[in-house]
Amino acid sequence: MRKQEKNPAETNKRKGGILRAFGRHKRGSIAIQFGLLVIPFIGLVALGVDGSRALLARYQLQAAVDSSALAVGATIADETKLTAMMDALVRQNFAVSGAQVSTVELKGAGLNVHVVSSANVDMHFASVLGINNLSVEASTEVRRASGGLLVSMALDNTGSMWGSNNIGALREATTTLLDELFGVSKTPSDLRVALVPYASTVNVGDEYTTLIDMEELEDVYEDNLDTFPSSNRRSDTMKDRWKGCVLEREDYSVADVAPDQDDEDTLWKPFWYPAAVDNDYDPKKSSTIKPGGAKNTNQITGPNVGCPTPITPLTNSYDTLNKAAKALTAWNRGGTLTDIGVAWARRTLSPGLPFDESTELDPRDNKTLWSSPRWRKAVIIMTDGESVFYDFPGGGSPNKKHPGKSDYTGYGRLGEDLSDEIFDDEDNNNKARDKVNARIATMCTEMKAEGILMYTVVFTSRVNNTTKNMYKTCATDPGKYFYAPNKNSLKTAFGAIGSDLAKLRIVK
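Taking the working numbering, the leading residue of the sequence shown gets 1, the next gets one more, and so forth.
These aren't lab readings, by the way, just hints derived from the structure by calculation.
Be aware that a few hints might be false.
[Stated by the list, open to error] DSSO-like cross-link-like pairs, simulated, lysine-lysine; straight-line CA separation at most 30 angstroms:
{"no.": "1", "residue 1": "Lys284", "residue 2": "Lys400"}
{"no.": "2", "residue 1": "Lys290", "residue 2": "Lys269"}
{"no.": "3", "residue 1": "Lys468", "residue 2": "Lys431"}
{"no.": "4", "residue 1": "Lys269", "residue 2": "Lys284"}
{"no.": "5", "residue 1": "Lys285", "residue 2": "Lys400"}
{"no.": "6", "residue 1": "Lys431", "residue 2": "Lys326"}
{"no.": "7", "residue 1": "Lys186", "residue 2": "Lys480"}
{"no.": "8", "residue 1": "Lys431", "residue 2": "Lys400"}
{"no.": "9", "residue 1": "Lys487", "residue 2": "Lys186"}
{"no.": "10", "residue 1": "Lys431", "residue 2": "Lys367"}
{"no.": "11", "residue 1": "Lys323", "residue 2": "Lys435"}
{"no.": "12", "residue 1": "Lys405", "residue 2": "Lys295"}
{"no.": "13", "residue 1": "Lys295", "residue 2": "Lys285"}
{"no.": "14", "residue 1": "Lys285", "residue 2": "Lys431"}
{"no.": "15", "residue 1": "Lys239", "residue 2": "Lys323"}
{"no.": "16", "residue 1": "Lys239", "residue 2": "Lys400"}
{"no.": "17", "residue 1": "Lys448", "residue 2": "Lys480"}
{"no.": "18", "residue 1": "Lys435", "residue 2": "Lys480"}
{"no.": "19", "residue 1": "Lys284", "residue 2": "Lys239"}
{"no.": "20", "residue 1": "Lys468", "residue 2": "Lys448"}
{"no.": "21", "residue 1": "Lys472", "residue 2": "Lys435"}
{"no.": "22", "residue 1": "Lys186", "residue 2": "Lys326"}
{"no.": "23", "residue 1": "Lys435", "residue 2": "Lys367"}
{"no.": "24", "residue 1": "Lys480", "residue 2": "Lys326"}
{"no.": "25", "residue 1": "Lys487", "residue 2": "Lys448"}
{"no.": "26", "residue 1": "Lys285", "residue 2": "Lys405"}
[Said to hold, decoys possible] Label-pair distances were calculated between CB atoms; the ranges are:
{"no.": "27", "residue 1": "Lys323", "residue 2": "Glu360", "range": "17 to 25 angstroms"}
{"no.": "28", "residue 1": "Asp280", "residue 2": "Arg364", "range": "56 to 64 angstroms"}
{"no.": "29", "residue 1": "Met238", "residue 2": "Ala441", "range": "38 to 46 angstroms"}
From the three backbone atoms N, C-alpha and C, an ideal C-beta is built for every residue, glycine too.
Turn these sequences into a full structure, and let the hints guide you.
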């Protein structure tokens with residue numbers, strides 16, 4: 001039988017009815033809507049994932065540009081070499097999978113260095129939308145190190161630094177700071193650093209002829225040795241000689257006032273710890289003199305008990321400073337008089353005698369290093385404890401307890417003439433400590449007013465919160481105050497200070 005042919009009109013009508021029925025079906029409607037939405041939804045997810053990668057690449061590119069610009073800004077070369085160096089450093093420092101640095105442009109090799117860089121980030125998912133890569137950009141500007149830096153460090157070298165070999169940690173931390181400051185140069189033209197070791201006094205070193213009352217020194221020798229040597233008046237190696245420490249002045253104890261050989265009130269007197277029950281020695285018998293600095297003991301004797309290593313005046317010699325840092329040691333007896341250390345750090349930095357190294361002329365502007373706007377100035381104060389007049393309690397041999405209020409110090413004994421003049425007859429140790437801290441705070445305020453950056457480091461946990469807050473206030477800002485409870489944190493603090501002083505400033 002012959003198959004009947006279908007009527008085309010009827011077939012189309014039937015198809016239309018099926019489609020209309022499908023359109024009225026709710027589940028079919030949802031499927032169509034989902035199908036229409038799935039493509040843009042996938043696109044949004046793709047843009048979100050790839051967009052996050054682009055943001056990460058932008059962040060990493062900015063970090064690479066910043067660090068590279070700092071390195072280039074510290075380099076002296078022509079613009080062609082600086083551009084090549086910048087390009088290489090950015091590419092080396094930028095490491096993001098699926099992203100490549102496309103351009104690095106260096107604008108200007110003068111005082112300010114402006115850098116712009118871009119990178120292409122491959123799109124893993126957004127390619128379904130026809131987006132194969134995305135470009136990100138970063139820029140920075142750094143100011144060249146166009147000036148110099150004067151730094152003086154007041155370093156606690158008191159007997160408590162023997163504990164846990166903290167004095168060794170200080171030597172290492174000081175070297176770390178010097179390494180940060182000096183970089184690869186051993187004698188940079190734009191850097192001067194001074195070291196001021198302090199205990200209950202300071203050792204003025206070879207500067208003594210400009211600041212000591214020489215008649216007083218002669219009297220000391222005559223009274224103790226019956227002779228005044230024609231040479232070698234100050235010697236670290238001869239135990240029966242004056243080593244170089246000083247008694248502070250009555251009227252100008254922490255003032256930055258220059259000595260005048262015609263005005264004895266402005267001169268310092270030699271520190272000579274007299275023979276007494278708490279310092280049992282014969283100045284004419286070297287065998288009875290054990291001056292300290294070699295080991296942790298209070299049974300030390302001689303005219304220089306408690307007298308630290310000499311001050312190193314401002315210098316740009318890394319070797320000189322490194323040698324002085326390695327020579328730092330702890331000195332028992334006397335106590336901790338940080339105000340003396342701070343006062344002498346200021347004196348090494350400021351112009352004029354007894355330390356006038358900052359009066360050197362800068363050849364670029366023919367002004368002194370102190371007065372030139374090209375030179376920044378900074379003081380670093382480090383202490384491991386409360387300021388205190390130590391009073392030896394006795395025990396052991398040969399030294400016994402002294403009836404006075406304290407050991408002999410750069411202020412004499414607490415409660416005696418020199419100390420009474422300076423501390424208004426105060427002979428209570430705790431109240432004297434408060435006066436010492438007040439003197440430190442005053443000097444910090446004055447130095448900050450002179451434009452000196454102030455950094456403070458409190459080492460170990462022996463300092464109370466009131467004193468910690470004083471040192472925090474003493475710092476130029478909270479970021480320049482460091483609490484270092486242990487040896488590792490001391491090294492970290494000194495490294496951070498060195499880096500902060502040496503780095504260039506990102507201006508935008």
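Earlier hints that do not hold, by number: 6, 10, 11, 14 and 23
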